[in-house]
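Those protein sequence lines, which keep their order, are chains A and B.
The first sequence begins at 1 in my numbering and counts up one residue at a time.
The second sequence begins at 267 in my numbering and counts up one residue at a time.
Errors might be hidden in some of the hints.
FRET-style restraints, in silico, Cβ to Cβ [stated by the list, open to error]:
no.	chain 1	residue 1	chain 2	residue 2	range
1	B	400	A	190	24 to 34 Å
2	B	558	A	251	37 to 47 Å
3	B	523	A	130	47 to 57 Å
4	B	363	A	11	29 to 39 Å
5	A	68	B	515	52 to 62 Å
6	B	523	A	30	47 to 57 Å
7	A	205	B	553	32 to 42 Å
8	A	158	B	363	26 to 36 Å
9	B	269	A	251	50 to 60 Å
10	A	257	B	521	49 to 59 Å
11	B	335	A	69	33 to 43 Å
12	A	245	B	478	34 to 44 Å
Facing chain A, from chain B, some residues (calculated, C-beta under 10 Å) [as the list claims (entries may be wrong)]:
no.	residue
13	447
14	475
15	513
Note that these hints are calculated values from the structure, not bench results.
For glycine and all other residues, C-beta sits at the position ideal for the given N, C-alpha and C.
For reference, the chains in residue letters:
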Amino acid sequence: MTQENTQRRAAYTPSEMMIVTAARAMAGVRTAFVGVGLPNIACNLARYTVAPDIELIYESGIYGAQPARLPLSIGDPTLVTGATSVVSMADLFGLYLQGGLVEVALLGGAQIDRFGNLNTSVIGSYEAPRTRLPGSGGACEIATNAQRLFYIMYLKRRAFVERLDFVTSPGYLGGNNERQELGMPGSGPQLVITDKALFDFATETHEMRLISLHPGVTLEQVDAEIGWQVKRAETIVETPPPTSEELRYIHVDLDPSGMYSKNRGG
Amino acid sequence: MVDKRLSLREAVAEYVHDGMSVAIEGFTSFICFAAGHEIIRQKRRDLTLIRMTPDLIYDQMVAAGVARKLVFSYLGNPGVGSLHCLRRAIEDGIPTPLEIEEYSHYGMVGRYTAGASRLPFFPLRSYAGSDMPRTNERIKFVKSPYGDETIAVVPPLNPDVAIIHAQRADRQGNTQLWGLLGVQKEAAFAADKVIIVVEEIVEEAVIRSDPNRTLIPGLIVDAVVHAPYGAHPSYVQGYYDRDNAFYLEWDVLSRDHQRTQAWLDEWVYGVADPAEYVRKLGTATMERLTPGSALAPAIDYGAYQ
């Protein structure tokens, strides 16, 4: 690694790289369904930068949040105060999500496969799990109904697996048109944003595809963290590093204690 | 009008019995820990505990051995991590095995809605392609009678008892709540018996001055309990913040069954009632959790005579 690369890598963390990549992907988005942690910081960064009209929607029943502090959960009272609207969860899931008003939703999980299916339920068998995970929450219906899905996950071999232990939330299922044939309103996963690289899904097969490497990351490092031979786009670009403006918003306004953004990798 | 005020001890003794299904609802906020602790103190057994997000309260109740079964949609310590007592029960059968019945959030919302409206099922766009219907046979798919479409359905949920925490109610149980509405209204209308626990008991005139804010009518309420800070360590909008330090502390201590039992001895069995719990927490904790003010301007309903 060159000295220049070393210096660049020291200027920001892999988590910050994920946050700014996700925020840039939200350019011009009007409504986003947000989770706590990295997705929350990414969406709020988008609100400050590339998506000033974005309305942040939280499954706890909040539409148009403008949090005055870093929310500690998706039900934090700072999301209520100053929001455009606070509704019952019946209205949030029925009218907003199922009503087709969510443009982009950000999700993550313990496991993901090549077709963007997610597991947040169990490691091991369902009946006798080795590790019991939280389960769906709203993820299954979010994955079904949001117009577009972005995933934010650390690139780890234990997470990017050949076969999920459990399909909690549908991506493209077995690939090709399997998702569309089930009549899901949402168009499915579009991007997988990780700490090392960026992936999209091929138009026909809907299989995950490497499209961009973050600065200083090699193809070998990416392959080593994926449990199948991942496809590559014809041209693989380098993801632009965070700008000083983006980093300033994260450090000063969004996550001053570095609770989420200082994480150096899963 | 009937005065439905009871102490928490009286309300639990009267309405929560062994083997019942109990829903203490409230999404991240308004979680009535005081009622959960009273159920533990009264040593209820074989309960079916129902909550979208079991949170710390069901972690504590399951560790105390009150439950036989859990119905839920998200099993996490919100914003922190795992619920270790529930995981011990599910993964290792400690202190006793726990049967689970699992849905997604909208599935649980739909179940309460169907239960409250006395409908045979609730249709929703979810579960297609998911393994959840494979592990929970109560999630089914039906063909629309109006076309070719196939849609997921979930069955109604009618708990024996719903326990709802709110900012204020009058003596008859007309209950006003602002902040995250969650699924409390649906849970209350679905339940056979309803216990309301509030920060403040107010005059009926206060309720009538702002009818749009009334979430639950006294008509369906069986008991009204006055227990300020009864939702601690969760929060009540405008009254107190979540005690996140406790959520973090629980993440550490609940990893060990013996430490969990010691905590229950000190903070549940060793405490007589909600008032003593609040005294034990101390005023410094209350001050730390008191938010600043963000008033909504008064609105005018108009006087039409």
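Cross-check of the supplied hints:
A hinted range of 24 to 34 Å holds for the C-beta pair residue 400 of chain B and residue 190 of chain A, which are about 27 Å apart. Taken as a hint, the range 37 to 47 Å is violated for the pair residue 558 of chain B and residue 251 of chain A, whose Cβ atoms sit roughly 24 Å apart. Checked against the given bound of 47 to 57 Å, the beta carbons of residue 523 of chain B and residue 130 of chain A, roughly 19 Å apart, lie outside it. Against the hinted window of 29 to 39 Å, the Cβ-Cβ separation of residue 363 of chain B and residue 11 of chain A comes to about 52 Å, which falls outside the hint.
Restraint check, residue 68 of chain A to residue 515 of chain B: a C-beta distance of roughly 25 Å breaks the suggested window 52 to 62 Å. Here the CB-CB span from residue 523 of chain B to residue 30 of chain A is close to 49 Å, well matched to the stated 47 to 57 Å. The supplied range of 32 to 42 Å is broken by residue 205 of chain A and residue 553 of chain B, whose beta-carbon atoms lie about 59 Å from each other. At roughly 28 Å, the beta-carbon separation of residue 158 of chain A and residue 363 of chain B lies within the given 26 to 36 Å, and the hint holds.
Against the hinted window of 50 to 60 Å, the Cβ-Cβ separation of residue 269 of chain B and residue 251 of chain A comes to about 56 Å, which satisfies the hint. Against the hinted window of 49 to 59 Å, the Cβ-Cβ separation of residue 257 of chain A and residue 521 of chain B comes to about 24 Å, which falls outside the hint. In this structure the hint that residue 335 of chain B and residue 69 of chain A lie 33 to 43 Å apart at CB holds, the actual value being about 38 Å. Residue 245 of chain A and residue 478 of chain B have their C-beta atoms about 43 Å apart, which keeps the hinted 34 to 44 Å range intact.
Annotation: residue 447 of chain B was flagged as interfacial toward chain A, and the flag holds, the nearest CB pair being 4 Å apart, inside 10 Å. Hint status for residue 475 of chain B: violated, given a least beta-carbon distance of 21 Å to chain A, over 10 Å. Proximity of residue 513 of chain B to chain A holds as hinted, the smallest CB-CB distance being about 8 Å (cut-off 10 Å).
Hint compliance for this structure: hints 2, 3, 4, 5, 7, 10 and 14 are not met, and every other hint is.
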